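Add chain B to chain A, keeping to what the hints say.
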Amino acid sequence: MALALKKKTEAGVGVARDEEAGQSWFQDLLGRVGQFWTLGILVLLIVLFGTIAPTMYTQAAWNSTSGYAVEYLILAIGETFVILTGGIDLAVGATMGFSGMAGALVMQHLIGANGGHQALASVLGIGTMLVAGMAIGMVNGLIITKMKIPPFIVTLGTMTAIMGGTDLLNNGGEVTSLSNFMNTLGSSTFAGGWLNYPVVVALLASVVASLYLTRTRFGMRTFSIGSNEIAARRAGINVDRHLIRIYMISGLMSGIAAVVVTAALASANATTGTANDNLYAIASVIIGGASIFGGRGTILGTFIGTSIIAVLETGLVLANVAPFWQQVAIGLIIVSAVAIDRVRVKAGTD
Amino acid sequence: MTESESGGVRPPGAPIIEAKGISKQWGSVHALHQVDFNVYPGEVVGLVGDNGAGKSTLINIIAGALHPTTGSIYINGKEVNLKSPTEARDAGIETVYQDLALAPDLAIWANLFLGREIVKGGILKWFGWLDRKAMIERAVSDLERTQIRIASVGQRVGRLSGGQRQAVAVGRAVAWGSHVVLMDEPTAALGVEQQARVAELIRTVAGNGVPVVLISHNLPQVHEVCDRIVVLFRGRIVAEVSPKDTSIDQIVSYITGSSLPTPSGAAAATAE
Chain A
1 MALALKKKTE
11 AGVGVARDEE
21 AGQSWFQDLL
31 GRVGQFWTLG
41 ILVLLIVLFG
51 TIAPTMYTQA
61 AWNSTSGYAV
71 EYLILAIGET
81 FVILTGGIDL
91 AVGATMGFSG
101 MAGALVMQHL
111 IGANGGHQAL
121 ASVLGIGTML
131 VAGMAIGMVN
141 GLIITKMKIP
151 PFIVTLGTMT
161 AIMGGTDLLN
171 NGGEVTSLSN
181 FMNTLGSSTF
191 AGGWLNYPVV
201 VALLASVVAS
211 LYLTRTRFGM
221 RTFSIGSNEI
231 AARRAGINVD
241 RHLIRIYMIS
251 GLMSGIAAVV
261 VTAALASANA
271 TTGTANDNLY
281 AIASVIIGGA
291 SIFGGRGTIL
301 GTFIGTSIIA
311 VLETGLVLAN
321 VAPFWQQVAI
331 GLIIVSAVAI
341 DRVRVKAGTD
Chain B
1001 MTESESGGVR
1011 PPGAPIIEAK
1021 GISKQWGSVH
1031 ALHQVDFNVY
1041 PGEVVGLVGD
1051 NGAGKSTLIN
1061 IIAGALHPTT
1071 GSIYINGKEV
1081 NLKSPTEARD
1091 AGIETVYQDL
1101 ALAPDLAIWA
1111 NLFLGREIVK
1121 GGILKWFGWL
1131 DRKAMIERAV
1141 SDLERTQIRI
1151 ASVGQRVGRL
1161 SGGQRQAVAV
1171 GRAVAWGSHV
1181 VLMDEPTAAL
1191 GVEQQARVAE
1201 LIRTVAGNGV
1211 PVVLISHNLP
1221 QVHEVCDRIV
1231 VLFRGRIVAE
1241 VSPKDTSIDQ
1251 IVSYITGSSL
1261 PTPSGAAAAT
1271 AE
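In order, the protein sequences belong to chains A and B.
In terms of the numbering used here, the first sequence opens at residue 1 and continues consecutively.
In terms of the numbering used here, the second sequence opens at residue 1001 and continues consecutively.
Quick caveat, the hints were computed from the structure, so don't treat them as lab data.
Source: prediction; values computed, not measured.
Beta carbons: idealized from backbone N, C-alpha and C, even for Gly.
It is possible that part of the hints are untrue.
If we take Cβ atoms under 8 Å as the criterion, some of the chain B residues that face chain A in the derived model are [unchecked claim]:
hint	residue
1	1015
2	1019
3	1097
With a cut-off of at most 20 Å between alpha-carbon atoms, the simulated SDA-like pairs for lysine to any residue come out as follows [what the hints assert, rightly or not]:
hint	chain 1	residue 1	chain 2	residue 2
4	B	1133	A	212
5	A	148	A	233
6	B	1120	A	216
This is chain A alone, in the form it adopts within the complex (with noise of 0.2 Å):
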């Protein structure tokens, strides 16, 4: 009986990697070098702004970096759990900031003019970014699932609605009296200046991501949607309520931005979200190696996609070049990590 328990393959629910014979070397290094040749890419792109810029390893630079990241990361844990499924959140950016002036014309209004209900203002004010935003992803839910529309199409819909709604929410404007919760929240750092709330908020949610998606049913089951549905379906899994589950994880984690967002600015304002948000936060996932068919894909990998990207943002301004070139960048890594992908995923299988 050649059958054995092999300690080593047990991996991950969906990424579990195994040793396989008849292999060549060289298919052997691309499945082994796939895994891990985006983290190489990010330590290359510190190590080459570092040279161009030493300035790129200052406290500044770090702030900077991760300020941009911690947004980043936070839309792009959501929508690892869509793209895991094989469907596609183009709203994130927008539910955040539809979330974000919804809560703060919240507590805009409970404080008032004489600084009224301050705990009140914090606790109301920040319930209304999360449930908005997991409002706004059940909506996405319910409409991809019960009407059979595809997610793209959907959620560039409720994207293109949910940004007129913020603008209509306060004619535009700014809102700037958050209660002091808030400010506190954006403002405070500790560590010797190293670490604020928003990094440990953004730290903290990749952790209890990673392990609901690589050790809870859900996790498992969430896997098995996107690798084949008629599968999940066959084994008495709810998959539309399980879809509607996701979306609303990615709206919940818009209105975890939203709170994050807001706080550091200091302001609500109608045009958070509204720029590249959402593509980078799709572009971190991919670049971190999830396939755009579900399936595939880890936490961790989103970790180091949107750090490439928030490097790349940083880095490119400290060593002169004109922040046009960013985007270019990213959008050749992009479609690298997927080229590469195809090579690494042909080499490793079948």
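Below, chain B alone, put in the same frame as chain A:
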């Protein structure tokens, strides 16, 4: 139809699964017409017929994927109303689908337990925390029991060969199917050696007491593996024979409708 009318083809004892008077109609199309189909403990039943004869319709009704227009299904003598494949599975009816229904990105053990995951107890249960160790161990022993040879249950299914995938799908059905395992063309995509291995597996399963219903176009295999062969023709059962005293050519003639079994046979009565 009674035992004596079936010409002694059926094993003695009470059937595990009984489908009585099953008809399925789509508009004016009669896919199945008053079909009686029983499955007895430990037997391998072949279900054969030309395309459109009603094999898949009958299997899908037993698997809970379709609802009969008329007729009822009994498990161990108790009438059941299978509203979905999930209900059928809960009732101990497992199906191996032609497309295998495996998630290629998941490990073998995860595919075996998909939809029926073992979770840890205590507070971790609330989070749906997987008990991987328990599932991996059970996957190993389940596959061992069916004598399926796979290097590691931690392998992704996408990395397996066609035959190995087939084995995983069959192994899953066997591990969970307490009453019957339905197999729809289980060897269609396989090479000769792998076909033989699946045939062996089917015999092992039936040998453990769980009956197998085998739908296949591969008549030599059906003839070799099955204890009993039921022939469908245009939605009716036209023959129910033992491969021991029926040649493949005879079965082919029943399938094509060019001849019917001798009057002593069960089916003649139904077909007339």
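Against the structure, the hints:
no. : hint           : verdict
1   : 1015           : violated, 26 Å
2   : 1019           : violated, 21 Å
3   : 1097           : holds, 7 Å
4   : B:1133 x A:212 : holds, 17 Å
5   : A:148 x A:233  : holds, 15 Å
6   : B:1120 x A:216 : holds, 10 Å
Checked against the numbered hints above, the structure breaks hints 1 and 2 and satisfies the rest.
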